[in-house]
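**Student:** Take a look at the letters that make up each chain.
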Amino acid sequence: MVVPLTSQPAIGLPPHELVELYRQMLITEEQLARAHQQGLVHGACHTYVGEEAIAVGVCAHLRPDDTVFSTHRGHGHALAKGVPPRELIAELLGRATGVSHGRGGSMHVFAPQVGMLGTSGIVGPSILMAAGIAYASRLAKSDRVSVAFFGDGASNNGAFHEGLNMAAIWKLPVVFVCENNQYATEVPFVTVAGNPELSARGIAYGIPSPAVDGNDVLQVHAVAGEAVRRARAGEGPTLLACTTYRTRPHSEGMRDGGYRTREEVEAWRGRDPIKRLREQLLNAKIIDSDALDAVDREVQVLVEEGLEWAKASPWPDPATVMEHVCA
Amino acid sequence: MRELTFTEAAREGLAEEMQRDPMVFVVGEGVGERGGNFATTVGLYERFGPERLRDTPIAERGFTGLCTGAAMGGARPVVDYMFFDFALDALGEIINQTAKIQYMSDGRLKMPIVLRGCVGIGSSAATHHSGSYYSLFAHIPGLRVVAPTTPRDAKGLLKAAIRSDDPVVFMEHRGLLSLKGPVLDPEADEVLPFGRATVRRVGKDVTVVGIAHMVTHALTAAEELAGGGVSVEVIDPRSLAPLDIDTVLESVAKTGRLLVVDEDYAPCGIGAEIAAQVADRGFDDLDAPVRRLNSLHAPVPYSPPLEAAMAPTPVSIAQAVRDLLAE
Chain A
1 MVVPLTSQPA IGLPPHELVE LYRQMLITEE QLARAHQQGL VHGACHTYVG
51 EEAIAVGVCA HLRPDDTVFS THRGHGHALA KGVPPRELIA ELLGRATGVS
101 HGRGGSMHVF APQVGMLGTS GIVGPSILMA AGIAYASRLA KSDRVSVAFF
151 GDGASNNGAF HEGLNMAAIW KLPVVFVCEN NQYATEVPFV TVAGNPELSA
201 RGIAYGIPSP AVDGNDVLQV HAVAGEAVRR ARAGEGPTLL ACTTYRTRPH
251 SEGMRDGGYR TREEVEAWRG RDPIKRLREQ LLNAKIIDSD ALDAVDREVQ
301 VLVEEGLEWA KASPWPDPAT VMEHVCA
Chain B
1 MRELTFTEAA REGLAEEMQR DPMVFVVGEG VGERGGNFAT TVGLYERFGP
51 ERLRDTPIAE RGFTGLCTGA AMGGARPVVD YMFFDFALDA LGEIINQTAK
101 IQYMSDGRLK MPIVLRGCVG IGSSAATHHS GSYYSLFAHI PGLRVVAPTT
151 PRDAKGLLKA AIRSDDPVVF MEHRGLLSLK GPVLDPEADE VLPFGRATVR
201 RVGKDVTVVG IAHMVTHALT AAEELAGGGV SVEVIDPRSL APLDIDTVLE
251 SVAKTGRLLV VDEDYAPCGI GAEIAAQVAD RGFDDLDAPV RRLNSLHAPV
301 PYSPPLEAAM APTPVSIAQA VRDLLAE
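If you read the protein sequences in the order shown, they are chains A and B. Residues in the first sequence are numbered consecutively from 1, following our numbering. Residues in the second sequence are numbered consecutively from 1, following our numbering.
Hints were generated in silico from the structure; no laboratory data involved. Hints may contain errors.
To be verified - Calculated lysine-lysine pairs in the DSSO-like style (CA-CA distance at most 30 angstroms, straight line):
id: 1; chain 1: A; residue 1: 285; chain 2: A; residue 2: 275
id: 2; chain 1: B; residue 1: 204; chain 2: B; residue 2: 180
id: 3; chain 1: B; residue 1: 110; chain 2: B; residue 2: 180
id: 4; chain 1: B; residue 1: 204; chain 2: A; residue 2: 171
id: 5; chain 1: B; residue 1: 204; chain 2: A; residue 2: 141
id: 6; chain 1: A; residue 1: 171; chain 2: A; residue 2: 141
To be verified - Per label pair, the in silico range of CB-to-CB distance:
id: 7; chain 1: A; residue 1: 279; chain 2: B; residue 2: 55; range: 36 to 42 angstroms
id: 8; chain 1: A; residue 1: 204; chain 2: B; residue 2: 2; range: 38 to 44 angstroms
id: 9; chain 1: B; residue 1: 163; chain 2: A; residue 2: 16; range: 56 to 62 angstroms
id: 10; chain 1: B; residue 1: 22; chain 2: A; residue 2: 42; range: 39 to 45 angstroms
id: 11; chain 1: B; residue 1: 55; chain 2: A; residue 2: 259; range: 41 to 47 angstroms
id: 12; chain 1: B; residue 1: 242; chain 2: A; residue 2: 204; range: 53 to 59 angstroms
id: 13; chain 1: B; residue 1: 281; chain 2: A; residue 2: 314; range: 33 to 39 angstroms
All residues carry an ideal CB built from backbone N, CA and C; glycine is no exception.
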C-alpha cells in the first residue's frame, strides 16, 4: 500500500519559513560537542549532527500543545519543539536551570510546557507513549497530535510492533518518525533486519509509510505536513521511514572505528542537510548568502551565550534530591 | 450494611470513578463486552462504550507503555492484566518509565495509572498464573503497592488508586475474589488512604502481620489458637508501599512477638523489610526473634498435593505462632 502524498513541494514555502528551517537546523550541537570535550558534560552525549532535517522538518508542523517523545539522541527534537538552547545546554551541564532541572541530563529532557515529553535512555518506549498520549487526546476530544521519534534500532524492538499495531487498529492521532541512521549503536541495520525496507514494516500494520530522504528538509517538511494533517483530521497514524546518517560517533568521546569507514562518513558529510538547504536556497535565488551568513552568526551567538549562561548557572540544591519521587 | 463480594465491590468502585471522571479508561484482554476474565468490568461496556473499555491485543508491554503515555496526557488509565504474572512482560515499561516519569520531569508530569491484576496460589493454576509480586514492586521508588483483603477495602482502595496521581500496583488475591463482606452504600463515596494498616483482630500474646489472603488465614488460625488460650493480634497493612510500620510497632510493643505471613517469597521480601524496620525501631520491645512464614522458594507446581505444599495455611500459621510463643 503506497499512499500518495498530497502536499506541494516545500520549496514553494514562503521565504521566511524557509529561513526558519535553516535557522532551526543550525542550532546544532557543535557547541555541546565542544562542551563535552572541555569536560563540562557529565554523562553521555549523543549528538544529532547530520540528522537535523528530520526533527526540524517534522516539528515545523506542530503546535505547542502537540507532543513529542524522543530517544537517547534527542537534542534536536527538543530544540525543534521549542526548548531554549541554553536550557538544554544547562541540563547537560547538570545545572538547576536545565530543562529537567538537573534530574535527567541528555537522555531525560522534559519540557511539558512546550510539549516535549521526554528523551529516553531506553530504545522503544517513545513509540508506545506517543500512541498513549494520542489515546488520551481522543478521550479528551482534542485534535492534539503526538509524534514519536526513534531510530532503526527501535524498529527491531517489540515496542515498535506492538505500538504500530495498536495505533493502527485504533486510528490514533500519532506520527511515527523512524530516523534510520543505518546503525543501531554500532551494529549495521542491514545485518540485523530480515527486511531492511522500513516502509514495509509500517505497511504490514496497515499504516501509510512513505520512504523519505531524511537529509532533505524540504522533503521531510512536505511529507510530515501530510502525516500531521492526517493525524489531526482523525485519519490515523503514519510512519515516516527517513533515511539519514549520524556523522559523529554514537556518543561523544566514543571510539568511532571498526564498524564503518572514514570514506562512508565523508560521503555522508557531503550530504549534510544544512549545507544542502543553503545551496537550494541560493540556487533558487530565494535568499542571498549575506542574509544566510547573518543567520549563521545569529545562531552562533545564541549558542555561545547559552553555554556561558549555563556555565554561570547554579547547581541544584542537594536537599531537593528526594522531591517528586511521588506526586 | 449490605454485603458484596470482593470482585463486586471493586467493580462498583471502578464504575463510580468512571462515572465521576470521563478520563478514566480501562484496557486489557477481554475487558470489553466480555466483562473481564475475573468479572472486573461486567456491565461497564454497555455504560461506557468501547473507547473506555478497551479490548487489547495480547501485548502487555505495548499497552502498559501506551497507558503510561496516556497518563502523561491527562487520562487515568486502569490497566487490567487479568493475571499479574502477565504484567512481567511490561516490567521494563513499569520500572523505567511509569515509575520514573514524575521524578525525571521534576514533578511537572503526573502518572495517574492503576496496574491491577490477580495474584496468588490456587486452583492448580500452575506457575504462570499463580505469582505474587508484592516485594518486586515495593522495591521500586515511585510506585504505590496495594493489596486489599476485604470487599470494603477493595472498593475504597481502588477508588483511591484511580484518583491517585501516582502509579498504583493493585494486586487482588484469587482466594479473596468471591468472599463477601460489608460495603458502604455508594453515596458514602468512601476513598481509603494508602499507608494506613488496620488491626483485624485485637490480641495480646503475639502479633501476626498478614498480606492479603494471608490475613484471612491468620484470622482462622487466631480463632483456633484462642480456643487454646492464645491471644493473637492480626494486622492487615493494606498497602505495602507506603507501609504503615507504626501500627506494627504499636502492636509489637504490646505483644513482644511478631510473625509475618506472606504468600510471596521470603528472600528480600516484605517480611524481611518489616522485620528489619521492627528490629531498627522496636528492638527493645521484642521478646523473641521476628519470624517469617512464606511460600516455598520455588516456582508454583500444578498437581494439587504439590500446590498445597507451597503456601502458608491456617494450620501452618497456628504452628508458627505456637513455635514463636515457645521461644
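**Student:** Checking each numbered hint in turn, tell me which of them this model violates, lowest number first.
**Tutor:** 3, 4, 5, 7, 8, 9 and 12
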